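When you get a sec, could you build the whole thing from the sequences and use the hints?
If you count by the numbering used here, then the sequence shown holds residues 257 to 396, one letter each, in order.
Worth flagging that the hints you see were computed from the coordinates, not collected in a lab. There's no promise every hint is true.
Computed cross-link-like contacts, EDC-like style, restricted to lysine to aspartate or glutamate with a CA-CA straight-line distance of at most 16 Å [said to hold, decoys possible]: (1) Lys389 with Glu337; (2) Lys389 with Glu338; (3) Lys389 with Asp346; (4) Lys327 with Asp369; (5) Lys327 with Glu380; (6) Lys327 with Glu359.
Beta-carbon label-pair distances, calculated as ranges [to be verified]: (7) Asp346 with Ala388: 13 to 21 Å; (8) Pro370 with Leu344: 17 to 25 Å; (9) Ser323 with Arg354: 19 to 27 Å; (10) Ser323 with Glu378: 16 to 24 Å; (11) Ser345 with Asp320: 36 to 44 Å; (12) Cys321 with Arg382: 17 to 25 Å; (13) Glu378 with Cys321: 35 to 43 Å; (14) Pro370 with Asp346: 35 to 43 Å; (15) Leu333 with Asp391: 16 to 24 Å; (16) Pro370 with Leu333: 18 to 26 Å.
Please read all numbers here as calculations on a predicted model, not as lab measurements. Ideal Cβ positions, reconstructed from N, Cα and C, are used throughout, including at glycine.
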Amino acid sequence: MKVDAGGPVRAGGGPGLRRNSAGPAGRFTVESQAGAPSAPLSGGAPLASMSALLAVQAAEDPLDCRSRGRKCGASLLDRLEEIRLGLLSDGIPRHALRSLAAELKLSRADCGDPALAAILGEIELRALVELAKYDDSATA
257 MKVDAGGPVR AGGGPGLRRN SAGPAGRFTV ESQAGAPSAP LSGGAPLASM
307 SALLAVQAAE DPLDCRSRGR KCGASLLDRL EEIRLGLLSD GIPRHALRSL
357 AAELKLSRAD CGDPALAAIL GEIELRALVE LAKYDDSATA
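And the structure:
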């Protein structure tokens, strides 16, 4: 049997790697298939009712609540540390007491986490004790 090569070997008709005549030698490009059917575009899904969207946005994330509680607790502890240092040096800064009182009013929000709420309650109680001590020493 005789194999006759009648001409140069050519690539198939589908997409493949070919030398790019415009690019530098040795580079290959992927040729797209001409006339290939593209996927039809579909319209967007209908929007849900506005009240449902607002309800989802209004739902509070428990992780956000926990992080807010932690930040609030850390801030209260910082204020208590300022008061402790003031007590040791015989001079409590008034701005520390004012900021502590303001934060106590803001930290009353319940997160739904009983352990975190208990810890924040203990911090608030300790802050109130320190404020009461200061008031007693200021009046005496």
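Right, here's what the structure says about each hint:
For a cut-off of 16 Å, the pair hint linking Lys389 to Glu337 stands: about 15 Å separates their Cα positions. Proposed proximity of Lys389 and Glu338 is supported: the alpha carbons are some 15 Å apart, at most 16 Å. Using a Cα cut-off of 16 Å, the hinted pair Lys389 and Asp346 holds, with the two alpha carbons roughly 13 Å apart. For the proposed pair Lys327 and Asp369, the alpha carbon gap of about 15 Å is at most 16 Å, so the pair holds.
Simply put, Lys327 and Glu380 have alpha-carbon atoms about 14 Å apart, close enough for the 16 Å limit, and the pair holds. Distance check on the hinted pair: Lys327 and Glu359 sit about 11 Å apart at the alpha-carbon level, within 16 Å; holds. Between Asp346 and Ala388, the C-beta spacing of about 18 Å keeps the proposed range 13 to 21 Å intact. Between Pro370 and Leu344 the C-beta distance comes to about 34 Å, which lies outside the given range of 17 to 25 Å.
Evaluation of the 19 to 27 Å hint for Ser323 and Arg354 yields a pass: the beta carbon distance comes to about 25 Å. At about 19 Å, the CB distance of Ser323 to Glu378 agrees with the hint of 16 to 24 Å. Checked against the hint of 36 to 44 Å, the C-beta distance between Ser345 and Asp320 comes to roughly 38 Å, which is consistent with it. Taking the beta carbon of each, Cys321 and Arg382 are about 22 Å apart, inside 17 to 25 Å as hinted.
Between Glu378 and Cys321 the C-beta distance comes to about 18 Å, which lies outside the given range of 35 to 43 Å. In this structure the supplied range 35 to 43 Å holds for Pro370 paired with Asp346, their Cβ-Cβ distance being about 39 Å. Between Leu333 and Asp391 the beta carbons are some 21 Å apart, a value that agrees with the proposed interval 16 to 24 Å. Between Pro370 and Leu333, the C-beta spacing of about 20 Å keeps the proposed range 18 to 26 Å intact.
Checked against the numbered hints given earlier, this structure breaks hints 8, 13; the rest are met.
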